[in-house]
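Colleague: In the order they appear, the protein sequences are chains S and W.
Residue 1 is where the first sequence starts when you use this note's numbering, and the numbers rise one by one after that.
Residue 1 is where the second sequence starts when you use this note's numbering, and the numbers rise one by one after that.
By construction, these hints were calculated from the structure, which means they are not laboratory data.
Don't take each hint at face value.
[Said to hold, decoys possible] What follows is a list of derived Cβ distance ranges for each label pair: (1) S:Ile60 x W:Gly58: 32 to 38 Å; (2) W:Asn77 x S:Pro115: 39 to 45 Å; (3) W:Lys13 x S:Pro40: 22 to 28 Å.
[Said to hold, decoys possible] In silico DSSO-like links for lysine-lysine, alpha-carbon gap of 30 Å or less: (4) S:Lys107 x S:Lys38; (5) S:Lys38 x S:Lys16; (6) S:Lys3 x S:Lys38; (7) S:Lys107 x S:Lys16; (8) S:Lys3 x S:Lys107; (9) W:Lys57 x W:Lys13; (10) S:Lys38 x W:Lys57; (11) S:Lys70 x S:Lys3; (12) S:Lys38 x S:Lys70; (13) S:Lys107 x W:Lys57; (14) W:Lys13 x S:Lys107; (15) W:Lys57 x S:Lys3.
Remember, it's a predicted structure, so these values are computed and weren't measured experimentally.
Virtual Cβ for every residue (Gly too), placed ideally from N, Cα, C.
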Amino acid sequence: AQKVTQAQTEISVVEKEDVTLDCVYETRDTTYYLFWYKQPPSGELVFLIRRNSFDEQNEISGRYSWNFQKSTSSFNFTITASQVVDSAVYFCALSGQSRDDKIIFGKGTRLHILP
Amino acid sequence: KAGVTQTPRYLIKTRGQQVTLSCSPISGHRSVSWYQQTPGQGLQFLFEYFSETQRNKGNFPGRFSGRQFSNSRSEMNVSTLELGDSALYLCASSFGLAGAGANVLTFGAGSRLTVL
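The shape of chain S in the complex, shown without the other chains (with noise of 0.2 Å):
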């Protein structure tokens, strides 16, 4: 069974501090893709990577880098030099590509920045 694990429930830092965001996954496919999205207080998920099972190539956008381990079987996500408006619930996601998946949910990890 596929599953995803967000084991930190809150983070709080302070602004301008950097900070990692971790996600575990389980799955015995062999192709899968894992994602982030973030929600902001106002609600709606906004998709923000996706990865694919044979790119393991770390990804930076800006601020944001996402680190894949497919020996951990983990997908870590960091922020460097956090600012306030990076307070949001995180959820990292993974899913299949048989047409019966379903697109797994990690429970989110609510980030406080501190000013």
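Guided by the hints, dock chain W onto chain S, whose structure is given.
Modeller: Below, chain W alone, put in the same frame as chain S:
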């Protein structure tokens, strides 16, 4: 390009009533999936519709139902409301099936239901 539109945004009902929520997907998206979000449970998958057919269903009682119309708009209905149904209900649309492959979900802002 218009986003995913959910109506109503907020509603208050009493126990025993029923409620219908609506979701208009992005033009061209054929899949609509529904999620219930509560503080303790995170995002719980309700069901997914693709081309007017229910393709996947989560572990919710039969009081929760949905449908999709030929224009891909979807509705979900909850009958005999219970206090525990108070939640944010999110819908998401995608071009293909949500769980199959690299399809990115575009979410609406949600319908916040309060059951008194």
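Colleague: Among the hints numbered above, which are violated by the structure, and what are their numbers in rising order?
Modeller: Those not satisfied: there are none.
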